[in-house]
Structure formats: C-alpha cells, structure tokens
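Chains as they are written, first to last, in the working numbering: chain V, 410 to 530; chain F, 269 to 375.
No lab work stands behind these hints, which were simulated from the structure alone. Where is the CB? At the ideal position from N, CA and C, for every residue including glycine. There could be a bad hint or two in this list.
[Unchecked claim] Listed below are the simulated DSS-like cross-link pairs for lysine-lysine, each with C-alpha atoms no more than 25 Å apart in a straight line:
1) F/K307 to V/K452
2) F/K375 to V/K474
3) V/K452 to F/K313
4) V/K452 to F/K371
[What the hints assert, rightly or not] Which chain F residues stay away from chain V? Per the calculated CB distances, all over 12 Å, these:
5) Q274
6) E338
7) S344
8) D349
9) T353
10) S361
11) T363
[Said to hold, decoys possible] Partial list, computed: chain F residues near chain V (C-beta under 7 Å):
12) Y359
13) F366
14) Q368
So the chains spell out like this:
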Amino acid sequence: EVQLLESGGGLVQPGGSLRLSCAASGFTFRNYAMSWVRQAPGKGLEWVSGISGSGINTYYADSVKGRFTISRDNSKNTLYLQMNSLRAEDTAVYFCAKEESGSHGHPFDMWGQGTMVTISS
Amino acid sequence: DIQMTQSPSTLSASVGDRVTITCRASQTISSWLAWYQQKPGKAPKLLIYKASSLESGVPSRFSGSGSGTEFTLTISSLQPDDFATYYCQQYDSDTFTFGQGTKLQIK
C-alpha cells in the first residue's frame, strides 16, 4: 500500500526552526519527485517546495525561499523540510505529496495526512 | 508566478444536479492543469490531470475540459459524497499554484 506519513510538527516561537519528515512506503521512492504543500487554518492550498527524485533539483515558493530547505534521503525513503526563521504566517498543516514522475512538474497522485505547525509566542 | 482564479467560491446544489466550476490562469498553461477534491480534515485527492484526463478510480461523472487559460470541472450528476471543496492547480511552471478553492455545498 502506498503511504506517506508526515511527522515533526508542533508549536514553535516566531524566529524558531523546525524540521518536518515524510516517510514513504509502498513505492520506489527515488523514482518520484516530491513536494510539500501547506494549508493555513480555514484557507486554501499553497505549494511550498518541490524536489526531483534524485534530489538534485529543488524548487521553492517565493514566500519561503531562503528560509526553508527541502531535501530527501532515498536510502531511508524519507523527505524532509527544514524550516528556519519561522513566522506566524507559516502556521498551517503541512502535507507531503508524491508527483507522478521523477522530474518535478507533474500533479500529485498521493498525499500524506498532514502535520500541524503552529508559530506563536 | 502564475495566478489561478476559481469561480464561484461557493456553490450550492442538490443531489442529481449538474455543476461546473471554472478555473482561469493568469497566463497560458497549455493543458498542465489538475483538479483535486478535499473533504474537511482530509488530504486532497487527485481527480483530473492534464486538464481532461480522469485519474484511475475516479467516477466518470467527473470530467474536465479546457486549455490555455480557461478550464472547467464538471460533475454530471451530483452524489452525496461529492459535497467537498475543489481546487485547481497549474503545473506548467516550476512554482506550482492552486486556485483559492470552490466549496460545493448542499442546497
């Protein structure tokens, strides 16, 4: 069964850091690009960052560029999102999502259940 | 960034109705458009990709059309399970963007 399981969310003060993880199973992880998508409470979906299957190519939304870093460990079938200099507006449920191909630029055919990140003092 | 605008934001309909949701892109995206369904507290689910291709396992009452800058999602005969929020997403550029969502509610 294809499964994505996020972890690492929590409550952090503004300016703090957090690292999210997404453990993948049921498919050949290295063959697929992955992304992080977030959803603020009561709001719509916002794509945050993407990474190719090899991990060589990374992509970021302007809202997080320079603060967030996406990475992956294909030996551990795990996707990461390192989030620094966190702001109140980063408060959201963060989903990891699998693209339909190894290169970035495809729709998401599988999503995790999400992990909540709250930025507050 | 490419902006995606959905209309309407909210749609009230009854079981059995035919409904259409529109998504407009701020610049041409060819057919690189997907539609997702999201229910409260759940992850989104892919319905349509490449503007008009039905994802495996999705009921045939869902269909998509359009190219360039204007796209539509149509549900031919609403079922109780279809009341949810729907999002379009462009994947033409490296920085993906979603529409703001259309909440489909029971009339």
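Results for each hint:
For the suggested pair F/K307 and V/K452, the alpha carbons sit about 13 Å apart, so the restraint of at most 25 Å is met. Straight-line distance between C-alpha atoms of F/K375 and V/K474 comes to about 42 Å, which puts the hinted pair past the 25 Å bound. Restraint check for V/K452 and F/K313: the C-alpha separation of about 17 Å stays at or below 25 Å, so the hint holds. Between the alpha carbons of V/K452 and F/K371 the distance comes to roughly 11 Å, so the proposed pair stays at or under 25 Å and holds.
At roughly 9 Å from the closest C-beta of chain V, the C-beta of F/Q274 falls inside 12 Å, breaking its exclusion from the interface. The beta carbon of F/E338 sits about 19 Å from the closest Cβ of chain V, which is more than 12 Å, so the claim that it is off the interface holds. Separation of F/S344 from chain V is adequate, the least Cβ-Cβ distance of about 22 Å exceeding the 12 Å criterion. The claim that F/D349 is not at the interface with chain V holds, since no C-beta of that chain comes within 12 Å of its own (minimum 18 Å).
At the 12 Å boundary, the C-beta of F/T353 falls inside the reach of chain V, the nearest C-beta of that chain being 8 Å off. In this structure F/S361 is not separated from chain V by more than 12 Å, as the shortest Cβ-Cβ distance comes to only about 8 Å. Not every CB of chain V lies more than 12 Å from the CB of F/T363, the least distance being 6 Å, so the non-interface label is violated. Taking 7 Å as the C-beta contact cut-off toward chain V, the hint placing F/Y359 at the interface holds, the least distance being around 6 Å.
Of the supplied interface hints, the one on F/F366 holds, with its beta-carbon coming within about 4 Å of a beta-carbon of chain V, less than 7 Å. Interface restraint check for F/Q368: the shortest CB-CB distance to chain V comes to about 5 Å, inside 7 Å, so the restraint holds.
In this structure, the hints that do not hold are numbers 2, 5, 9, 10 and 11, in rising order.
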